[in-house]
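Asker: Starting from the given sequences, assemble the full structure and let the hints guide the process.
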Amino acid sequence: MKKFDEVKIGDTLGPLELTVTKDQCRAYAKTSGFGDVAGRFTDEAAAKKEGLPGIILPGNMSLGLLSKLVTDWIGFGGARLTRMGTTYRVPVQPDHALTIHGFVTNINPDDRTVEIDVWIENEEAERLVTGTATVEFPK
Amino acid sequence: MTTTLDLHTHSEASEDSRAPVEAYLNWIKLRHVERPVDGIVLTEHRQFNREADYRPLEDKFGIMVLRASEVETNYGHMLVFGVNDDMLARFDFANIRLDAQTVIDEVARMGGIVVPCHPGRPNIGLYEHYESKPPLEHVVAVEALNGGSRKGEDARADELISKFGYASTGGSDSHLVSLIGLCATRFSAYIKDIDGLVRELKTGAYEAVDFRPRRKVVPHAVAVETR
Amino acid sequence: MVDFDPTIINKVFEHTDPVEVKPEMIKRFCESLGENNPLYTDPEAAKKGPYGGIVAPPSFAVTFRNGRHFFEHVPRYGKRGFDAGKDVEFVAPIHVGDTISLSSHVKEIYEKTGRTGTMVFVVIRSTLTNQNNQTVAHIDHRFMNRP
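Residue numbers (the numbering used here), protein chains in the order written: chain A, 68 to 206; chain B, 375 to 601; chain C, 6 to 152.
For the record, the hints were derived by calculation from the structure and aren't laboratory data.
Be a bit skeptical, because a hint or two may be false.
One-sided and incomplete, this derived list gives chain C residues near chain A with beta-carbon spacing under 7 Å [stated by the list, open to error]:
hint : residue
1    : V67
2    : N71
3    : E94
Pair by pair, the computed Cβ-Cβ distance ranges are [to be verified]:
hint : chain 1 : residue 1 : chain 2 : residue 2 : range
4    : C       : E29       : B       : L462      : 54 to 60 Å
5    : A       : P82       : B       : D584      : 52 to 58 Å
6    : C       : E29       : A       : T88       : 17 to 23 Å
7    : A       : R179      : B       : D584      : 16 to 22 Å
8    : A       : E193      : C       : I14       : 33 to 39 Å
Pairs of lysine to aspartate or glutamate, DMTMM-like flavour, derived with a Cα cap of 25 Å [unchecked claim]:
hint : chain 1 : residue 1 : chain 2 : residue 2
9    : C       : K53       : A       : D78
10   : A       : K97       : C       : D47
11   : A       : K115      : A       : D78
12   : C       : K16       : B       : D459
13   : B       : K434      : A       : D78
14   : C       : K117      : B       : D459
15   : B       : K537      : B       : E527
16   : A       : K97       : C       : E29
17   : A       : K75       : A       : E203
It should be emphasised that the depicted structure is a prediction, and the values quoted were computed from it without experimental measurement.
C-beta: ideal position from N, C-alpha, C; glycine also.
Answerer: Structure, rendered in structure tokens:
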């Protein structure tokens, strides 16, 4: 469980190396009601028809993975992820080696919040999705 | 004495960044060994804030903070250094369809300099525009290294630089605190303010420097279709 | 500048029907993300946690969809629309058994140029509330349209 007084600017979250399978991608799309709406997340042929290299992760799924990096860092504790902002720069593909990075960039002792940079990188070190998060610790 | 500046950065004043200037400076201090920059130039999108005063922060961290702007033209995005009242009166910085040649020539006439940025990037970089339109005149330098480049984009910039003999700058194009200072420009002269920067940019006596970490090779994953 | 009817800004164009959060929904969501934090996955352990029981991972908030009126009211510029990003404020955790409804309005419309051409951004703000009329989350969806 992460404690506020132990957090320092420059602390790292992860890096977390993972590969999302196509089935995971379809499962996520289905749980969030995308399944029947947009084939680009579930159907290889439909995605290619849209000019994509194949199935891509829903933006929300990337947001979910970035949020998970932060909530894993918090652990089983009282601190809470209170804000997450994401920018989808390049489509994220399943079956690729992804690395998720996070860095503590700012600490505000007055409201006991911590600012964190997060991003998803591919094998070429291209940042596909970038974001920032705010974590609030109990007063 | 040389001066190393990150010539392309976005703070929370840009609509797509949340990075406070103070957090940028703090990060540079923290990472000074890996990213030895003497200062940053804020190049906020489509705007120039005349009133912003970063002197207290400069003094607190001993890092220079200069102001420029990133505008959008028919040849892609361009950094405008030495922005003054004449330029602000002459151009609507928020216009995303500025005429590149006019901006380059008029900014030079008014005492500044324009540096096309991420020239190898699709649509918003020079390279692609040069394939369908005549090359621009009076370009002194282009951004050779951009911290946000995708694979191949900096290589296209290099191609343009060898072909047209442009000088090379570097900038992180950082929108996140932790990405500040990853690319920069090393000047052979001492620079202490925006006038000095504009003067030096016109000479071409500088090089782009890359502080991005050398990365271990990540093997491509093997696709498994289990459906 | 991009043309739009200024009266569209801030006008609430949709209230969705409440959706009940069932345990399976959170379970399936966690599985698809590889989530294993006991706060979200282990009912016994979660009882001893700060929320007194299982809550959804914060990002579960973005899975609540706007209804059929949504895309009728989101101004479209050109044929292709993409999700360009989100800004989410997680105000309160979502518990099993909560019923969540959404209210949405157009927050902002603006234009810029990028890797893929001229882009018109339409920002839709959705506010999620639970059965006690408490705000659970604010979600700014940035939709990018290519004219």
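Asker: Give a verdict on every hint.
Answerer: So, going through the hints one by one against the coordinates:
no.: 1; hint: V67; in the structure: 5 Å, holds
no.: 2; hint: N71; in the structure: 10 Å, violated
no.: 3; hint: E94; in the structure: 5 Å, holds
no.: 4; hint: C:E29 with B:L462: 54 to 60 Å; in the structure: 58 Å, holds
no.: 5; hint: A:P82 with B:D584: 52 to 58 Å; in the structure: 21 Å, violated
no.: 6; hint: C:E29 with A:T88: 17 to 23 Å; in the structure: 21 Å, holds
no.: 7; hint: A:R179 with B:D584: 16 to 22 Å; in the structure: 38 Å, violated
no.: 8; hint: A:E193 with C:I14: 33 to 39 Å; in the structure: 35 Å, holds
no.: 9; hint: C:K53 with A:D78; in the structure: 28 Å, violated
no.: 10; hint: A:K97 with C:D47; in the structure: 23 Å, holds
no.: 11; hint: A:K115 with A:D78; in the structure: 40 Å, violated
no.: 12; hint: C:K16 with B:D459; in the structure: 38 Å, violated
no.: 13; hint: B:K434 with A:D78; in the structure: 22 Å, holds
no.: 14; hint: C:K117 with B:D459; in the structure: 24 Å, holds
no.: 15; hint: B:K537 with B:E527; in the structure: 16 Å, holds
no.: 16; hint: A:K97 with C:E29; in the structure: 13 Å, holds
no.: 17; hint: A:K75 with A:E203; in the structure: 14 Å, holds
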